[in-house]
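Asks: The sequence shown begins at 2 in my numbering and counts up one residue at a time.
Just so you know, not all the hints are guaranteed correct.
[Claimed, not checked] So the derived label-pair ranges between C-beta atoms look like this:
#1 N170 / P195: 15 to 23 Å
#2 L314 / L376: 26 to 34 Å
#3 R305 / L245: 33 to 41 Å
#4 G397 / Y323: 15 to 23 Å
#5 P195 / L245: 28 to 36 Å
Just so you know, these hints were derived from the structure itself, not from any lab. We put the beta carbon where it would ideally sit given N, CA and C, even for glycine.
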Amino acid sequence: KIHSAFGWKFWSFVAGGAPVDSELEEFWAKLGFLVVQGYGLTEASPVVTVNHPFDAKRGSLGRALPGLEVMIAPDGEILVRGESITTGDDGSWLHTGDLGAMDAEGRLYYRGRKKDMIVTSEGLNVHPEDIEHVLNQFPEVRESAVVSVRKNGNEQVHAALILKDPNTNVDTLVRQANDKLEAHQRIKSWSVWPDNDFPRTTSTMKVRRAEVARRISSVPQSMPPLQPRERDFSAMSSLERVELLSQLENQYQVDLNEEEFSQLKDSAQLEVWLRRSTAGRSERAGSGVLSRPLSDWARSLPIRLFRTIFQQLVAIPLFKHYLPLTVTGLEHFQHLEAPVIFAANHTSHLDAPAVFAALPFRWRRRLAPAMGLDLFQPYFEPDRFSKKEVWWTGLGYVLACGLFNAYPLPQEVAGVRRALNYTAELLKRGYCPLVFPEGMRSTDGRLHSFRPGIGMMAIRLQRPIVPIYIEGLYSVYSVHHSW
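Just need the whole structure built from these sequences, with the hints factored in.
Replies: So this is what it looks like as structure tokens:
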């Protein structure tokens, strides 16, 4: 009946003015209609990318047209150039002001406007559209607009909501939404929008976020005041948790267990936990994660000499013999002062040895790779494992520390404070930590989302971050391979 109503010649929609919501695209696909999305702008006359009708991928904006190039800048901005771009004949890139991503097949995906992106206190980027997508799935929400508000000089995520039922418990709704969001995306405050709709542009009907943010910041009498979510720990970032734990220790003059603290959900649980922790259980602060002494011995003079000889005469020659390297970008080290933090993608257990082999000697001797703490859990928590497991993981830990100057780094919130302190100590000594922001090896060889840790390090430690991209090791020894 639907096809008959539209007419049998009508079989597809072509959208280019704004991205089509994934649910809407799926709705029409189930009815047998093809949705073809593209991307363009006036300066490009106007189409840049478009999906082929018979090779469309849901959610994407397609590949670049012949004669045009698309590139994603380091900050995520979509850059375009080519024959139809009005930047002149010098071949320069046009900065679109849009944020996007590109898959391995060259398809473009829209993430939002660059000016709308929220940068958290940890240095992590938050796309409002991602949060709105979660909020709009709740049946109580007619529409949402996520904007940035400033508190104590930092940007925070604020959600303005238009509700179907004014009696909706928004506090509960926001808690449920935060449970579905990443830690850095979580909503810190919300307000119910007093009008029937958000202010919009006249041509594309997009929400004017700047106007929404201005009205929220001014807090007129017709609007409810901002309702902060500080009592809900699910809305706190990793950095805020670390700072809160430090404040509590200073206030109560007691060492508190990070692993237990990381499991708390709200202030009620915090109150119960504090009473228990301050009633004589402070001695447990040293148990659990990082309970054993860290690898200070690996920086002693005899071990450093042995490590240098082993790497120069054995490890690196063998690595380069069996896995020849092509290294680009070494010229950037000419004007770089140590110490720095190296951040690399993680595709293989061979990533750290590859970085050692690629770096010049004066940087190689300063390198300190971070290891996932979970790999050596039996060694750090011997009471929970067999003697055999403790012995083997302990041997692996000693070899990694001794031969490659490695140190343990937790992937989760528990232990982050101690890890930050230890990383800071390494930097003070002139060492350069090597971290893998993804937190685990890639399952498909592609770069995945970063854990919050690298942003925390950059902000708290105030050292340059040097990115390293490793390619080719996934096919040699990936997470799917074994000896």
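Asks: Hint by hint, say whether it matches the structure.
Replies: Structure-based check of all given hints:
| no. | hint | result |
| --- | --- | --- |
| 1 | N170 / P195: 15 to 23 Å | 18 Å, holds |
| 2 | L314 / L376: 26 to 34 Å | 27 Å, holds |
| 3 | R305 / L245: 33 to 41 Å | 38 Å, holds |
| 4 | G397 / Y323: 15 to 23 Å | 21 Å, holds |
| 5 | P195 / L245: 28 to 36 Å | 33 Å, holds |
When held up to the earlier numbered hints, the structure conflicts with none and fits them all.
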